[in-house]
Amino acid sequence: MTYVGIIITFVFINNFILSQFMGLCPFIGVSKNVESAVGMGFAVTFVMSIAALATWAIQNLILVPLHIEFLQTITFILMIAALVQFVEMFVQKSSPSLYKALGIYLPLITTNCAVLGIALIAVRSNYNALESFVAGISAGLGFLLAIVLMSTIREKLDSEWIPKPFRGTPIAFITGGLMALAFMAFDKALLNNLIG
Amino acid sequence: MFKEFSKGLIKENPVFVLALGLCPALGVTSKVVNALGMGAGVIFVLIGSNIFVSLLKNFIPDKVRIPAYIVIIASFVTVVEMMMEAFLPSLYDALGVFVPLIVVNCVILGRAEAFANKNGVGASILDALGMGIGFTLALVVIAFVREVLGSGSITLIGMGSWDGVIKIPGLYESPIRVFSLAAGALLVMGYLKALLAWSTDRKAVKK
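Read top to bottom, the protein sequences are chains A and B. Counting from 1, position 16 in the first sequence corresponds to residue 626 in the working numbering; the numbering is continuous, with no gaps. Counting from 1, position 104 in the second sequence corresponds to residue 184 in the working numbering; the numbering is continuous, with no gaps.
DSSO-like, lysine-lysine: derived pairs with alpha carbons at most 27 Å apart: (1) K774(A) with K87(B); (2) K137(B) with K83(B); (3) K283(B) with K774(A); (4) K642(A) with K91(B).
Source of the hints: derived by calculation from the structure; they are not laboratory data.
Required output: the full structure, derived from the provided sequences and hints.
As structure tokens, then:
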């Protein structure tokens, strides 16, 4: 698949939240206001792109040559946990203001299934290093797109009257469902029309 | 002791009340049998990790406890992965990437952090069983609604000559497809949570 194809696939067609069900916890939990949604979205995009590249290296340079592919799950999650810790320390040292904005979201990213998800999907699709990296960035941008759209809708919903049982998370899920319905317009046929 | 077990079923149901483990709760629930398989995997990992975390709670330094828990959980997930691939290959294919993703299921890490590292082995096992069954129950409910409306069938575990599929006349020929897709999953989840909020509200008013 071409790079354009990978980008369109992961941002729109296989959007991680709206069609793959990955990263739902922050999607529901951190989408109450736009500012924190943007922060979370960028933090996740950053970690996902590096994680996709790093896990590609682990898989192809360590696990496959040594024939220990069964350790994939353990090594990947450890890699991601270490990476998140490292990113946290690096951001804290280099840019305190960014750290203040992202700080509380960074540790949460370890247990965001979207990160481990993109690592596993990239490996299972046999992407090369650059393709994995591009897939990581695009999946992260898809996540950013969905969570920011969601947070703007939820800010509007705050001022509307909602039947009592639906207040809080139920209406958030239904909003997400309607967004997913809209995203169904992006499908394989669209991709074929766009890039032939 | 029984309370440790029963609280996870409804009162503190991990999916509907605590809102943990949402990704697999929606990702694998297009068929009832997948929900059962996922539930069994999670119960196994949850019991294993709760036992180990509870046994090792005095040896793991506080600062590195989360990575330590993740390693314990990941080992059990690897066991589940290999067993499922060997003995239930069709289920393994159907669950796909969600099998290794059990590692980041917040229900498991959540119970290790919130319960097993403060309590003894016995209580931790009961807690794991209750939470695991509660999780499975929630998945089966979601899968039941989605499969009946979205495919017009109920797929259970096939035995002997029976393939395990119950077809619902009328719906099977013209199902409401959207419920088996992503959008339907989110909608069903929203309505089920609203239903739960409504019923707890009514109970509170009656009291």
